[in-house]
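With chain A's structure known, arrange chain B on it following the hints.
Same order as they appear, the protein sequences are chains A and B. Taking the numbering used here, the leading residue of the first sequence gets 1, the next gets one more, and so forth. Taking the numbering used here, the leading residue of the second sequence gets 1, the next gets one more, and so forth.
FYI, nobody ran anything at the bench for these hints, they're computed from the structure. Keep in mind that a hint or two might mislead.
Derived DSSO-like pairs (lysine-lysine); straight-line CA-CA distance at most 27 Å [said to hold, decoys possible]:
1) A/Lys100 / A/Lys63
2) A/Lys71 / A/Lys55
3) A/Lys63 / A/Lys3
4) A/Lys57 / A/Lys71
5) B/Lys78 / A/Lys57
6) A/Lys100 / B/Lys78
7) A/Lys100 / B/Lys24
8) A/Lys55 / A/Lys100
9) A/Lys17 / A/Lys71
Listed below are the residues making up each chain.
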Amino acid sequence: SQKIEQNSEALNIQEGKTATLTCNYTNYSPAYLQWYRQDPGRGPVFLLLIRENEKEKRKERLKVTFDTTLKQSLFHITASQPADSATYLCALDEGTSYGKLTFGQGTILTVHP
Amino acid sequence: DAGVIQSPRHEVTEMGQEVTLRCKPISGHDYLFWYRQTMMRGLELLIYFNNNVPIDDSGMPEDRFSAKMPNASFSTLKIQPSEPRDSAVYFCASSPGRNTEAFFGQGTRLTVV
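So here's chain A without its partners, still in its complex pose (with noise of 0.2 Å):
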């Protein structure tokens, strides 16, 4: 069956380290790949899209990269701020059905100053 997975329903890093999420999907052959942020109370709020052909995608302090071959998004936030708290969410197409975004569960992000 289909399925996108991030990697843990919560994390906690210090203020100023890098924090890593991750998305793996299974059975989708997506067109592309998109991140949300997503704030308490609020609609989630778009940050970066990458396409099945591009490896690298960068966004100020934001970097996604997409692999195809292991069918995983990587999103990374430098010099993390307490600022960057919040659910994080990973969505793709699925390639077939035109248009058809579907989300993953989120991965609840604690920055601590």
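Positioned in the frame of chain A, the structure of chain B alone reads:
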């Protein structure tokens, strides 16, 4: 643009009653998604539309759920009759096309007692 607008923000209803959730997508967006979020199941895709046409409703839990998009600026998600297990936050999202980011509304928190 004010973003994706959902109403109501909160809804409390009694079991057996009909519930209608409303969504106004961002003008010009071709895709509209309805998601349900719970602690146990995360963010689940219920149904999505492309140019007002339902493309995939395989996520709709059962016949009690129905969704319509009568025009490009309005969509509804109806639950009839509602049950306590329908309690969740329901999000509407829109996107300008495939391979692009989705913009989420603030969500409707539904409680069925």
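Evaluation of the provided hints:
Straight-line distance between C-alpha atoms of A/Lys100 and A/Lys63 comes to about 24 Å, which keeps the hinted pair within the 27 Å bound. For the suggested pair A/Lys71 and A/Lys55, the alpha carbons sit about 12 Å apart, so the restraint of at most 27 Å is met. Restraint check: the Cα-Cα separation between A/Lys63 and A/Lys3 comes to about 23 Å, which is no more than 27 Å; the hinted pair holds. Distance hint between A/Lys57 and A/Lys71 is fulfilled; the C-alpha atoms sit about 16 Å from each other, no more than 27 Å.
Taking the CA atoms of B/Lys78 and A/Lys57, the gap is near 39 Å; set against the 27 Å cutoff, the hint is violated. This hinted pair checks out: A/Lys100 and B/Lys78 have alpha carbons roughly 21 Å apart, not beyond 27 Å. At most 27 Å may separate the alpha-carbon atoms for a hinted pair to count; A/Lys100 and B/Lys24 meet this at roughly 19 Å. In summary, the hint linking A/Lys55 to A/Lys100 is supported, as the alpha carbons are separated by about 22 Å, within the 27 Å threshold.
A threshold of 27 Å between alpha carbons decides the hint, and for A/Lys17 with A/Lys71 the separation of about 26 Å falls inside it, so the pair holds.
Taken one by one, the earlier hints fail for this structure only at number 5.
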